[in-house]
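Undergrad: In order, the protein sequence lines correspond to chains Y and L. Counting in my numbering, the first sequence runs from 1 upward without gaps. Counting in my numbering, the second sequence runs from 1 upward without gaps.
It cannot be assumed that every hint is accurate.
[Said to hold, decoys possible] Not everything, but these chain Y residues come out facing chain L in the computed CB check (under 7 angstroms):
(1) 182
(2) 212
(3) 344
Rather than coming from a laboratory, the hints here were simulated on the basis of the structure. Bear in mind the structure is a predicted one, so any value in this text is a computation, not a measurement. Backbone N, C-alpha and C define an ideal beta-carbon position, used for all residues, glycine too.
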Amino acid sequence: MKRIVSFAAAVAMALSAMLALASCNDGREKIYVLSYGDYIGEGVIEEFEKAYPQYKVVYDDTAETPEAMYQKLSSGVAYDVLVCSDYIIEKMINEDVLNEIDTSRLENYKYISEDLKGGLYDPENKYTVPYMWGTVGIVYNTKLVDETVDSWDILWDTKYAGQIQVLDSLRDTMGMALKYCGYSLNSTDENEINEALDALLEQKSTMNPTIGVDSLKDPMIAGQYALTVEYSGDALAMIDANPDLAYAVPKEGSNVWVDAMIMPKTGKNPDGAYAYIDFICSTEIALKNTEYIMYSTPQTEVLKQIDEELRNNPAFNPDSETIARCEYFDDLGDAAELYNTAWETYRLN
Amino acid sequence: MKRMSAKLKKTLAAAPLWVWMVCFTIIPMLLVVYYAFSDGAGGYTAENIISAATNSNYLKSILISFRHALMSTAVCLVIGYPVAYFLSRMKTGGGFVILLFMLPMWMNFLIRTYALKSIIDKGSLLDNLMVSLGFDSGLLINSDFAVALGMVYNFLPFLILPIYTSMLKIDERVIEASRDLGAGSLTVFRRIYLPLTMPGIVSGITMVFVPAVTTFIIPQMLNNKYMTIGSLIEYKFKQEVSMEGISGVGSALSLLLMIAVIIIMTVVNAVDKDGDTAM
């Protein structure tokens with residue numbers, strides 16, 4: 001069944017590729033780019049095509065999740081550049097489907113922050129050029145919380161019972177609990193995972209948390225809750241909507257994620273891919289992308305040029321020390337089953 | 001010859017229905033059965049069913065879902081039956097009031113539920129009112145009450161309509177005759193209304209209970225502390241479909257739930273002696 005579906009998908013994609021080829025054969029070399037929806041500044045592609053008249057970008061943003069990207073790539077479509085998420089990139093590196101990137105060919109690579117190079121997903125920094133990044137932390141309402149928010153402990157403090165919201169998301173919430181208990185959020189130790197589960201169950205019974213994902217934002221913006229676990233990108237948008245809100249990455253550490261540009265081996269236009277990646281890394285374009293997407297940027301020059309208020313916001317620009325405390329998600333391997341069981345126990349009891 | 005073509009016409013007229021049923025009911029159901037017994041590599045296995053049926057956490061979520069559904073159906077019935085009665089007895093304006101009941105149905109139920117959440121959430125209008133009456137803040141949201149409220153709000157019209165229709169069909173003279181023969185109000189209700197509206201009641205209960213057992217958006221928005229069976233199945237599919245293919249356990253849970261609902265509905269339908277349900 002799966003094979004039939006992916007075959008059908010491949011046929012459909014080949015057909016659409018052929019159509020694109022037939023309709024637009026103006027002698028320009030094509031660069032196939034796969035990225036998430038709404039994940040590039042307005043007009044950036046046109047500007048690239050103006051700067052490099054020999055190339056035409058075929059931009060595909062139909063994949064909603066990194067898993068969907070992975071499936072698209074393994075169905076054999078030849079993309080030259082992918083913007084993908086760290087843990088799937090790690091999987092791709094392990095499966096040897098990515099080209100190494102020769103950073104000496106990228107003039108603008110020097111602007112990428114050292115803090116974000118060599119993450120767990122690409123420890124030797126051979127395959128990836130960071131595009132956007134972010135953390136998971138606590139959004140809090142400064143009108144309802146007097147003390148400094150700097151620890152996961154506050155989400156277990158019964159003073160705030162009934163006033164907290166946590167994410168309905170396995171890795172994020174298990175990660176929070178593991179960090180609260182003082183362990184790695186990639187722990188594969190059964191005892192540590194069970195301890196985290198106990199902490200979550202305790203939180204559920206003593207704190208009466210609201211559990212959700214997208215539904216957490218509006219009540220928090222409206223000032224109805226004191227504390228909410230959130231992704232830094234969403235936190236920025238929430239703070240923008242309600243200036244009473246603030247964001248903190250707990251001192252025990254949290255999750256840090258990176259979306260990076262990669263070059264699959266199946267790509268047929270490596271020169272074009274280098275040109276495209278380098279263009280995206282140029283400060284002017286990176287600034288444009290950052291201002292549009294509003295996620296944290298790995299570009300040091302962009303940080304200097306961007307709005308000062310944003311630069312001083314820890315949701316947008318956490319210091320190196322904070323980043324160092326955070327961990328990337330790692331592939332769990334066989335321990336995934338332990339996490340599943342723990343998560344189901346938490347969600348059903 | 002003429003008869004043949006009439007028969008053919010009839011068959012052709014029914015064709016869209018059959019195509020629809022096959023594509024959107026029969027094939028999906030067969031797929032659920034297939035994946036429930038598939039080991040993901042083309043082989044047969046009973047493991048999915050066993051792990052779905054023996055996991056005590058899953059059993060708990062099924063029980064929670066049935067509790068929610070029973071509670072909501074009961075409340076719907078208690079509110080809906082008298083409403084249907086008064087509507088059917090209204091000389092004028094009954095149609096207009098029915099329209100008022102149907103009006104919210106024209107809006108997407110997701111939006112309605114989201115609106116309800118913002119009304120009963122912590123720090124909302126109703127919550128502030130409760131606080132000023134001396135209750136704790138945040139009492140309504142994340143409670144069984146919130147889920148029941150959401151379900152009754154969403155499903156009540158589905159129960160009123162069939163009962164209302166069956167009440168309209170009751171001949172006024174039958175009631176007059178029973179009164180003449182000395183029947184009290186209770187007897188009239190027990191001997192006339194109840195049996196004659198039973199098809200409507202059964203169909204109304206079906207229309208409320210089945211969606212209430214399986215809904216996942218309403219509990220997820222109003223009380224997401226415990227996954228209901230609908231949420232669990234959704235989670236199982238979302239979690240596994242991305243990388244590993246269709247969820248076997250998710251399909252097995254769907255199958256078990258389907259069987260449970262069919263059994264219950266068969267029992268409920270057996271109560272309805274006419275077998276005249278508009279299910």
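Undergrad: All the hints need checking, so say for each whether the structure fits it.
TA: Hint check results:
1. For residue 182(Y), the shortest C-beta to C-beta distance to chain L is roughly 26 angstroms, which exceeds 7 angstroms, and the interface hint is violated.
2. For residue 212(Y), the interface hint holds, the least distance from its beta-carbon to any beta-carbon of chain L being 6 angstroms, beneath 7 angstroms.
3. This hint holds: residue 344(Y) has a C-beta 5 angstroms from the nearest C-beta of chain L, less than the 7 angstroms allowed.
Hint compliance for this structure: hint 1 is the single one not met.
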